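Asker: Residues per chain, in single letters:
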Amino acid sequence: MFYREAGNFKTTYADDMALFPLPLTRYAAMVLLILFALIVPLVLHEYYLSIFNLIFIAIVGALGLNILVGWTGQISIGHAAFMSVGAYTAANLATRLDLPFWITLPAGGLMAALIGAIVGIPSLRIKGTYLAIATLASQLIIEWIINHTPAISGGASASIEVARPTILGYEVKTQRDLYFFTFFFAVIAIVATMNLVRSRIGRAFIAIRDQDIAAEIIGINIFRYKLTAFAISSFYAGVCGVLYTYYFGIANYEAFQIVVSIDYLAMVIIGGLGSVLGSVLGAAFVTALPVVIRLVVEAFGGYIWDAAALSAIAASMRLVIFGALIIFFLVVEPEGLARLWRNIRNYFRVWPFSY
Amino acid sequence: MDGELGFLFSLLVSGLSIGMMYALIALGFVLVYKATDAINFAQGEFVMLAGFICATTLVYELPLWLALLTTVVLMVAFSFALERIVLRPLLGRPVVAVIMATIGLAAMLRGLPPITIGAQTKTIPLPIGDEPVEFLGTSLPQIQILGIVVTILCLAAFTWFFTKSRMGVAMRAVADNQQVAMAMGINVERYFAIAWAMAGVVAALGGIIWGSMLGVDTQLALVGLKVFPVVILGGLDSIVGAVVGGLIVGVVESVAAGYLDPVVGGGTKDFAPYVLMIVALMFKPYGLFGKRRIERI
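Each protein sequence line maps, in turn, to chains A and B. Okay, so the first sequence: first residue is 1 according to our numbering, each after it adds one. Okay, so the second sequence: first residue is 1 according to our numbering, each after it adds one.
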């Protein structure tokens, strides 16, 4: 992270795979943890904390999608549908059975994982383009089913209101409370992903991504691992959906439409495919950008467009800028923000003797 | 004919005619995939863009033929530029990259009209009547008949192009094996550009016809979502498949909407083609007419 090592002293595989290659990395991680767990929530205004909350929730979803797209090489354009599965599962459990969040949250994740694994079944026979279209279809089909089944969606407006989570009798309701709530899950998701991708399963994912037929020949059961990738990825998506539900206090399918799937794809591409840091940076970037766009359009848009149309303009502007950024990163920097960060770090690592 | 059978017949006729219009849009998709292996998730947005260009030129009171010509020319120019700027750098990269690039493009195109020329629905008045034509006891809007004629003309033109013309044969060679085509002295990149330009022409025609049928706004891009079931059923690289797939999807959604909508309360039209497509993917992943791919390491 923020260090310059004097040489490469790794002598065992365990050293090479370690989460913290040097003690300094450990300290840096601790500093970051303290910064975000204590200093940020106590210093910043609630409005900024609400942006952080959305970023933390997006980090969970982006990590999940990155496991599928970035590490396993399977594309999914239906990720928002898995989020809606998690969201509605949790909302139904919470309102009908009165279950607390620490049951509904994993339940939502597991339900999404199940649906995700089912959607992933075609991935054994089809890949690339065909898989992209199949996941797109599953997005539309899941959306339609939720929307047309009152038993799931809770009636005409297809939305279920959910009470805020309570921890040991304390209701998590202000943005500051929710900050700790979402931050906790974001950290768990980050640590879990870092460990997953250096495990046997993660290595298998990478082998499948690089050449799936070759992976099968060296003895990786690709059917099992592809389904595992879909299930794990959808589990993250489900948890992300549950977090959205508790955060907004409502489960609504409109928050999980195909545009959201594309937002999450934008996160992993802009951030960097196959990178934990990339998912985090991408989630932060894609979540914060609309806020910036809205501020800019509201401040200066009045000179060009009708004042009444500004919010629609901001939404369109966001689409244009996202689309342009996706294309830009794909063409110019396919490894995304994570790569840019690495380039900067590598420059300073040997600075001022750059040879 | 009347009663149950008459109802079914009118559903079939309207399904077939709308299916031909889907086929028109799917043709552009298939052309690009066939020649360049690139999948265009922005096909619906292409159609929307063409509709907007046509409607905007008509606002300036250009004669209709000039507006149509402008649309075609601008769409060809746009496709050329797209191939040059976005898709050529992505050659040889994983298929996910191209898919994402066209998804990004789709988002961009959908966002552009509201911030440039306004989001309100525009019309493309073609010189045809409004009243539907009676046909064997059912009725068809004239615009759909025009759509069918245009699709058939396109189909005939492409069939001629791919079987008889030198360029078309060269393009088939490119589609079949890029390296061998290169070795035979075919300028592969030039044919990529030509394929995109042809897709631009088809999108322009689709945009004009669909735009004049539905009105031009960003909703027009949703037509693109219908393209996927069509091309998956027909096979991604088959022009005949695009038409057959279009007809199947048109009939299925029309019949499903006619019989299921009263039961489940609407929306079957958008849903049924996708279920059909998932089934097709499970049992016949390369479609009815698609070329089976054999992978080598």
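Since the hints were made in silico from the structure, they are not lab data. Warning: the hint list may mix true and false statements.
What the hints assert, rightly or not - Restraint ranges, calculated between C-beta atoms of paired labels, are given here:
#	chain 1	residue 1	chain 2	residue 2	range
1	B	Ile85	A	Gln211	27 to 33 Å
2	A	Ile304	B	Pro132	40 to 46 Å
3	B	Ala183	A	Leu295	51 to 57 Å
4	A	Ile304	B	Val240	29 to 35 Å
5	A	Ala324	B	Asp176	33 to 39 Å
6	A	Val332	B	Ala183	30 to 36 Å
7	A	Ala192	B	Gln120	44 to 50 Å
8	A	Leu38	B	Gly215	53 to 59 Å
9	A	Gly249	B	Ile145	48 to 54 Å
Claimed, not checked - Non-contacting residues of chain B with respect to chain A, defined by C-beta distances greater than 12 Å in every case (computed):
#	residue
10	Phe41
11	Ala42
12	Glu45
13	Phe80
14	Ile103
15	Thr116
16	Pro125
17	Val149
18	Thr163
19	Ala170
20	Arg190
21	Thr218
22	Ile232
23	Gly258
From a predicted model like this one, the values you see are computed outputs, not experimental measurements. Think of the CB as a built atom: it goes at the ideal place given N, C-alpha and C, for glycine as much as any other residue.
Asker: For every hint, state whether the structure bears it out.
Answerer: Against the structure, the hints:
1. A beta carbon spacing of about 30 Å between Ile85 (chain B) and Gln211 (chain A) agrees with the range 27 to 33 Å that was offered as a hint.
2. The supplied range of 40 to 46 Å is met by Ile304 (chain A) and Pro132 (chain B), whose beta-carbon atoms lie about 43 Å from each other.
3. Our hint of 51 to 57 Å for Ala183 (chain B) and Leu295 (chain A) holds, since their Cβ atoms are close to 56 Å apart.
4. With their beta carbons about 48 Å apart, Ile304 (chain A) and Val240 (chain B) fall outside the hinted range of 29 to 35 Å.
5. The hinted range of 33 to 39 Å is satisfied by Ala324 (chain A) and Asp176 (chain B), whose Cβ atoms lie roughly 35 Å apart.
6. Separated by about 31 Å at the C-beta atoms, Val332 (chain A) and Ala183 (chain B) satisfy the suggested range of 30 to 36 Å.
7. For Ala192 (chain A) paired with Gln120 (chain B), a C-beta distance near 48 Å keeps the hint of 44 to 50 Å intact.
8. The given range of 53 to 59 Å is respected by Leu38 (chain A) and Gly215 (chain B), whose C-beta atoms sit roughly 56 Å from each other.
9. Distance hint for Gly249 (chain A) and Ile145 (chain B): a CB-CB separation of about 52 Å, consistent with the stated range 48 to 54 Å.
10. Against chain A, the non-interface label of Phe41 (chain B) is violated: not every CB pair exceeds 12 Å, the least being about 8 Å.
11. A Cβ of chain A approaches the Cβ of Ala42 (chain B) within 12 Å, the least distance being about 9 Å, so the stated non-interface status is violated.
12. Look at Glu45 (chain B): its CB is around 10 Å from the nearest CB on chain A, not clear of 12 Å, so calling it non-interface is violated.
13. In this structure Phe80 (chain B) is separated from chain A by more than 12 Å, as the shortest Cβ-Cβ distance comes to about 16 Å.
14. Residue-level check failed: Ile103 (chain B) sits 6 Å from the nearest beta carbon of chain A, not beyond 12 Å.
15. The non-interface label for Thr116 (chain B) is inconsistent with chain A: the shortest C-beta to C-beta separation is roughly 9 Å, within 12 Å.
16. Listed as outside the interface, Pro125 (chain B) is consistent with that label: its C-beta sits roughly 26 Å from the nearest C-beta of chain A, beyond the 12 Å cut-off.
17. No Cβ of chain A comes within 12 Å of the Cβ of Val149 (chain B); the nearest lies about 29 Å off, and the non-interface call holds.
18. For Thr163 (chain B), the shortest C-beta to C-beta distance to chain A comes to about 26 Å, beyond the 12 Å cut-off, and the non-interface label holds.
19. The beta carbon of Ala170 (chain B) sits about 24 Å from the closest Cβ of chain A, which is more than 12 Å, so the claim that it is off the interface holds.
20. The claim that Arg190 (chain B) lies off the interface holds: its Cβ sits roughly 21 Å from the closest Cβ of chain A, which is beyond the 12 Å cut-off.
21. Remark: the non-interface label on Thr218 (chain B) conflicts with the geometry, its nearest Cβ contact in chain A lying 9 Å away (cut-off 12 Å).
22. Against the 12 Å criterion, Ile232 (chain B) falls within the reach of chain A, whose nearest CB is about 6 Å from its own CB.
23. At roughly 17 Å, the least C-beta separation between Gly258 (chain B) and chain A is larger than 12 Å, which holds for a residue marked as non-interface.
In this structure, the earlier hints numbered 4, 10, 11, 12, 14, 15, 21 and 22 are contradicted, and the remaining ones agree with it.
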